[in-house]
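Here's the letter readout for the chains.
Number of protein chains: 2
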Amino acid sequence: MPGNIPDIVIGRLPLYLRALTRLAVEGQEVTSSHELGRRLGISSAQIRKDLSHFGGFGKQGTGYHIAYLVDQLRQVLKVDQEWEVAVIGAGDLGTALLHYKGFSDRGFRIACVFDNSPQKIGKNIGEYVIHPIDEMQKIIQERGIKIAMIAVPAEKAQEVANKLIEVGVRAILNYAPMTLNVPSEVKVQYIDPVVQMQRMTFYLT
Amino acid sequence: MPGNIPDIVIGRLPLYLRALTRLAVEGQEVTSSHELGRRLGISSAQIRKDLSHFGGFGKQGTGYHIAYLVDQLRQVLKVDQEWEVAVIGAGDLGTALLHYKGFSDRGFRIACVFDNSPQKIGKNIGEYVIHPIDEMQKIIQERGIKIAMIAVPAEKAQEVANKLIEVGVRAILNYAPMTLNVPSEVKVQYIDPVVQMQRMTFYLT
Numbered sequence: 000m001p002g003n004i005p006d007i008v009i010g011r012l013p014l015y016l017r018a019l020t021r022l023a024v025e026g027q028e029v030t031s032s033h034e035l036g037r038r039l040g041i042s043s044a045q046i047r048k049d050l051s052h053f054g055g056f057g058k059q060g061t062g063y064h065i066a067y068l069v070d071q072l073r074q075v076l077k078v079d080q081e082w083e084v085a086v087i088g089a090g091d092l093g094t095a096l097l098h099y100k101g102f103s104d105r106g107f108r109i110a111c112v113f114d115n116s117p118q119k120i121g122k123n124i125g126e127y128v129i130h131p132i133d134e135m136q137k138i139i140q141e142r143g144i145k146i147a148m149i150a151v152p153a154e155k156a157q158e159v160a161n162k163l164i165e166v167g168v169r170a171i172l173n174y175a176p177m178t179l180n181v182p183s184e185v186k187v188q189y190i191d192p193v194v195q196m197q198r199m200t201f202y203l204t
Numbered sequence: 000m001p002g003n004i005p006d007i008v009i010g011r012l013p014l015y016l017r018a019l020t021r022l023a024v025e026g027q028e029v030t031s032s033h034e035l036g037r038r039l040g041i042s043s044a045q046i047r048k049d050l051s052h053f054g055g056f057g058k059q060g061t062g063y064h065i066a067y068l069v070d071q072l073r074q075v076l077k078v079d080q081e082w083e084v085a086v087i088g089a090g091d092l093g094t095a096l097l098h099y100k101g102f103s104d105r106g107f108r109i110a111c112v113f114d115n116s117p118q119k120i121g122k123n124i125g126e127y128v129i130h131p132i133d134e135m136q137k138i139i140q141e142r143g144i145k146i147a148m149i150a151v152p153a154e155k156a157q158e159v160a161n162k163l164i165e166v167g168v169r170a171i172l173n174y175a176p177m178t179l180n181v182p183s184e185v186k187v188q189y190i191d192p193v194v195q196m197q198r199m200t201f202y203l204t
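Residue numbers (numbering that gives the first Met the number 0), protein chains in the order written: chain A, 0 to 204; chain B, 0 to 204.
Honestly, I wouldn't trust all of these hints.
Repeated chains share a single entry, so a pair holds when one copy, or any two copies, can fit it.
[Stated by the list, open to error] With a Cα cut of at most 20 Å, we get these calculated EDC-like pairs of lysine to aspartate or glutamate:
1. K100 to E154
2. K119 to D91
3. K155 to E25
These are calculated hints, taken from the structure and not from any lab test.
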């Protein structure tokens with residue numbers, strides 16, 4: 000299936016899942032592509048087309064059953080399981096990630112954290128002990144971890160990424176403000192608040 | 000000019016600026032669309048086309064002068080000035096943002112932070128005093144702040160956004176995991192690590 004669905008469609012599915020989960024929390028049981036579209040600022044036609052790639056989950060006229068659609072989307076996105084995630088870098092950002100409560104009910108669990116600073120290694124952040132970066136490859140390989148968040152300075156990020164990929168990591172969320180060079184079988188997503196703000200200042204008057 | 004340039008092109012300019020700034024830090028003075036393309040995983044033809052929207056900054060055969068191109072891109076993106084940014088929410092994430100060192104040399108300066116928790120109001124985070132959220136509109140309007148980062152829980156984010164927009168905020172970086180409903184003159188960018196990871200798990204085997 001992955002080969003047939005445009006990546007841009009895949010990119011919207013987590014947004015649908017997030018909005019549907021919210022509707023469910025608000026107590027709603029059924030929704031429509033129109034309501035979902037209004038919530039997300041996406042046209043209802045686009046939503047129907049996107050969902051039709053997966054066999055369409057709704058019936059014309061009666062709307063989508065939210066619980067069913069949530070279930071299907073979780074399966075498609077493979078977050079009907081819990082993925083272990085490694086965090087590299089225990090600075091302010093790494094610490095905020097370790098404290099974040101929003102991963103577990105959406106398919107992810109931070110499993111371990113690594114840093115190279117002797118002042119940090121062995122210390123605790125909440126329930127996590129900071130491991131030395133020298134043990135990163137061993138631990139990640141042993142646990143079979145496929146997903147990592149890189150929260151180290153830009154000049155260290157490529158080296159960290161290379162080491163992660165060597166031991167089987169295939170999905171990287173990169174918080175370091177630089178573009179990583181990775182083989183085609185590895186997926187990378189980027190978070191750089193400055194890049195996103197610079198995109199908006201262009202339009203400010 | 001904004002009306003004529005596709006938004007997708009604008010979205011790439013901060014990446015060019017970031018990569019060029021890095022090359023400059025590494026001591027390089029001249030680069031090519033090929034080198035930039037390799038660094039960014041973008042085709043050199045695309046880069047030349049994107050930059051041609053702004054009159055093209057390079058000469059065929061001799062490459063781009065990095066310092067000049069950096070300067071031009073900073074002007075185009077309007078980050079040749081320093082924008083004041085308000086942070087709403089002084090939890091783990093807001094705190095990490097206040098400690099982040101990477102804003103100031105890229106066009107932004109956090110000016111103030113707000114929270115609604117009596118335990119937090121009046122306390123310091125680094126050089127910042129946490130202001131009560133009741134003073135948010137007054138302070139933002141007085142200072143003429145146009146950019147805000149929302150780092151409050153999802154169920155409060157829309158209400159906060161509405162209040163920000165009322166007093167002149169026109170660019171929002173939303174860290175709350177939900178889609179905001181805003182008028183067309185307001186730009187929003189989103190950061191939700193879970194959405195970005197769910198985009199990648201689809202491809203994992």
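Item to complete: Pop the pair K100 and E154 into one bin, within, between, both or neither, using alpha-carbon distances up to 20 Å.
Response: between (29 Å within a copy, 15 Å between copies)
Fill in: Status of D91 relative to K119 across identical chains (alpha carbons, at most 20 Å)
both (12 Å within a copy, 18 Å between copies)
Practice prompt. Have a look at K155 and E25 and pick one of within, between, both or neither, based on CA distance no larger than 20 Å.
Written response: between (43 Å within a copy, 14 Å between copies)
In summary, this structure violates none of the numbered hints.
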